[in-house]
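**Student:** If you want the building blocks of each chain, they are given just below.
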Amino acid sequence: MVRVGFPGGPRLEWYDRNPSTQLLWYGGAGIAPHGLIARATYTVPTGKKAFLEYGIVVAIRATAPTTAGRVTTQITITPSGGSAAGFLVIRWTSAVLDYHESMNVGNAGALAAGDMIQVMTADLSTGGTLDYSAGVKLTEFSA
Amino acid sequence: MRETAKIRVRVQAPDADNPGYHVHLPTYMMVPGSEEYADPEKKVLKSVEVEVPDDYVDEKGQLSKEKIRAKYKGQPRWDRDDVLNDI
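Chains as they are written, first to last, in numbering that gives the first Met the number 0: chain V, 0 to 142; chain Y, 0 to 86.
Hints in this document: simulated from the structure, not taken from any laboratory. Given the structure is predicted, the values throughout are model-derived calculations rather than measurements. Careful, some of the hints might be misleading.
As the list claims (entries may be wrong) - Short, incomplete list of chain V residues facing chain Y, as computed with Cβ under 8 Å:
(1) Y25
(2) L35
(3) A37
(4) A83
Ideal Cβ positions, reconstructed from N, Cα and C, are used throughout, including at glycine.
Here chain Y stands alone, though its shape is the one from the complex:
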């Protein structure tokens, strides 16, 4: 990613599509040390800061459903109305 935007997002537990804790975005990089845990034992990740391509965000710096759907048009996992519901 050449140009990136930084944003805090929810972390998802492992599921059928992903064997590990993950962020439900097609492209991202976690910022080391930005992890926020849901429990004092630090077993369950709650949120994390990620870098995303700058063409994911609108002029206000918020993730844009329309931009993400357009970039991954026709891809069943990402070109859907609820693409940002887990963020």
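Isolated chain V, as found in the complex:
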């Protein structure tokens, strides 16, 4: 005999499988020059997945530098066992006050257990400061 259907009922949608909101954020004002720093990191726990719903990176020149250097604000994804790759990346060089660049994306897909996402900043200028806003919103759920 062939049975048609799902004995236990259909599987719940991902957003109904023990969901929890995960916010990864860095918002710094008047930040002095620095080398590359991983400001925030999120790793998907075992037995979970995470849907990446929104990401944004913004960097604004707040005070003028003596010498402008490359400014980087980026979000990278490192798959479990793999190497980091840029997901959202802005890079610019300017001494002009209020100069800024930004990038954002929505509904960017799912991360698997062990995958890592990082918010990173760098400012290779001499003197001066920047304001940063960068982060992602994820929903973590049972795999």
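With chain V's structure known, arrange chain Y on it following the hints.
**Tutor:** Frame of chain V, contents of chain Y only:
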């Protein structure tokens, strides 16, 4: 992270797994302005305050190796006895 705990931790220099200064924890958010530098020129980060998920810490508010290993069970980078050695 919905519920978080705040704790001061060491910052690690870039390495093969991470191109930038970082904290050796699977999930964290640095608290802006909490950076402590190892040198007067502020070139080398020494420590920083971070927010971590509250299920990383024990009842005393200290990071728990057992809880972190359980949450990332089977993940080679985190499910290891020395997971908190660099913190």
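**Student:** Are the hints correct? Go through all of them and say.
**Tutor:** Hints, verified against the model:
Interface restraint check: Y25 (chain V) against chain Y, minimum CB-CB distance 7 Å, threshold 8 Å, status holds. Because the smallest distance between the Cβ of L35 (chain V) and any Cβ of chain Y comes to about 3 Å, under 8 Å, the interface hint for this residue holds. With a least beta-carbon distance of about 4 Å to chain Y, the hint placing A37 (chain V) at the interface is held under the 8 Å criterion. A least Cβ separation of about 7 Å between A83 (chain V) and chain Y falls short of the 8 Å threshold, and the interface hint therefore holds.
Violation of the numbered hints given earlier is absent; every hint is satisfied by the structure.
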